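Take these sequences, add in the hints, and give me the full structure.
The lines below spell out each chain.
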Amino acid sequence: MTELLSYGFMQNALMAAVLVSLASGIIGTLVVLKRMVFISGGVAHTAYGGVGLAFYLGVNPIFGAVAFSLTASFLMGYVQRKTRQRQDTLIGVMWAIGMAIGIIFADLTPGYKADLMSYLFGSILAVTNTDLLLMLAVDILVISLVALFYKELQATAFDETFARVRNLPVDLLYVILVAMIGLSVVMLMRVVGLIMIIALLTVPAAIGAMYLKNMKHIMWLATGLSLIFTVGGLLISYYFNLSSGATIILVSGAFYLGALALHRFCQRCPE
Amino acid sequence: MTEIKSATQVEIKNLFGGYDNETVLEDINLTIHENDFIGLIGPNGGGKTTLLKIILGLLPYKKGSVLVMGHPPQKGRQHIGYVPQFAIFDSDFPISVFDVVKMGRLSGKRVFQRLTNEDDAIVEEKLAWMDMLDFKNRGIRELSGGQRQRVYIARALATEPELLLLDEPTVSVDFETRTKIYELLHDINRQGVTILMVSHDLNVISSYVKTIGCLNRNLHYHGKKEITEEMLKSGYNCPVELIAHGLPHRVLAEHQEGR
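From first to last, the protein sequence lines are chains A and B. Quick note: the first sequence uses our numbering, first residue 1, plus one each step. Quick note: the second sequence uses our numbering, first residue 1001, plus one each step.
Please keep in mind that the hints were generated in silico from the structure rather than gathered at the bench. It should be emphasised that the depicted structure is a prediction, and the values quoted were computed from it without experimental measurement. Accuracy of the hints is not assured; some may be wrong.
[Unchecked claim] Straight line, CA to CA, 20 Å or less: simulated EDC-like cross-link-like pairs of lysine to aspartate or glutamate: (1) Lys151/A <-> Asp1120/B; (2) Lys34/A <-> Glu160/A; (3) Lys1063/B <-> Glu1026/B; (4) Lys213/A <-> Glu1142/B; (5) Lys1109/B <-> Asp171/A; (6) Lys1075/B <-> Glu1011/B; (7) Lys213/A <-> Glu1124/B; (8) Lys1075/B <-> Glu160/A; (9) Lys216/A <-> Asp1092/B; (10) Lys82/A <-> Asp1020/B; (11) Lys151/A <-> Glu1118/B; (12) Lys216/A <-> Asp1120/B; (13) Lys213/A <-> Glu1022/B; (14) Lys1225/B <-> Glu1034/B; (15) Lys151/A <-> Asp1092/B; (16) Lys82/A <-> Glu3/A; (17) Lys1136/B <-> Glu1160/B; (18) Lys34/A <-> Asp1092/B; (19) Lys1225/B <-> Asp1187/B; (20) Lys82/A <-> Glu160/A; (21) Lys151/A <-> Glu1160/B; (22) Lys82/A <-> Glu1022/B; (23) Lys1053/B <-> Glu160/A.
Spelled out as structure tokens, the structure:
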């Protein structure tokens, strides 16, 4: 174990686990409570278009991912709020188009493209110092915004109509939230890959929401669980030589099923 | 029956409203006076919820004018305590009763401010009034329908409103709870809060409200408690349903009795 910790890539991976868990715990709670899981999945996949484009242009894929992810967040957020019909279809179509753009640009880019795979399936062991700094920046932004607007975010998540009647800035809060989702998605992409982002964003918060009734507590529990899943998955994948992203998700999935079974078993227990 | 003549809180003139290409409300005129307790009845799809949404500034209207406390709805609504329709809630949301009622203390003007002990005291006071203080640390999802409804009324009261707007407050609660809720509303009204309540729960409504209106695209409202001949003759669903349910005599205008 100590030997493991002496590796630079492992230190980076553990730091990434902490930073990513903060974002997934906090934003994941809002995503789950506001029922925005599908949008988050859409944003994640659309972001791949940005990764492909950035590869083609020869710039850092993170910038492409951020640009596509934010654009997708706003577009999908707009669709979810403004169109009454077929919102899931529209979001699904954007989801697929984004992904396809990424693949086409990857085709057009000459040379070795293995790195593109790491955005699909994640590679926490390849996290660089630059990545860590970006993650830290996103965390600081997310924590500050959520702390600043906590009571309003909670109110709009619970009952948007009432919040509107109280003249809370409901639309502004929504824009802030989708932007935070977009940024968190890019962060999570490094760790578990875009295909599996939904799991890490939703499982910890969903477990928290099963047992707790205070949004702040759910955020903390989700952060803790996310950290356990990421580090646990990372260690298992290291010792058994498995893909880290997929192992992390399977650990989360196992916990989720366990929590669900326990919750069913004792409907009213630890509230 | 007494006619109420006091300060005007809501003034609606020649209002047309609805969604996209569909007009649900036609030529509505309604003046809500301070301290009134209006029961608005009418069939489903008759525009009751639409009218509430317009008063609350949640839905733009097509024609006419709406003033709430002398202001356009989006400004005047800060003086309205809103109790939404029970069914639309995510009943599984993880939040405590206390935190739900605390939402009533939020407002657009206080976004960057912390809530104070004074706010907490107001929350407790309203919970106690609604007989729900013992439940303040419970999760909202652990409550029965009637208990939850009282929490939402407490939340509306926590805004310290001049006017309380309720959309079908007794849907899906049992008869005893229904009576309890109406008793509480009666008490709230006595303490000086005007109430506009939408419901199709006619029998009970009649014994608690001060005035009755009937809404089915058009509004029949005369600031009285009687159902007028005009309402009956017009063939709208509500008075018919009302008679079928065996309405207490005093609700009907005198010349309608014995019919």
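Open item on the list: Are any of the numbered hints broken by this structure? If so, which, sorted upward?
Closed with: 13 and 16
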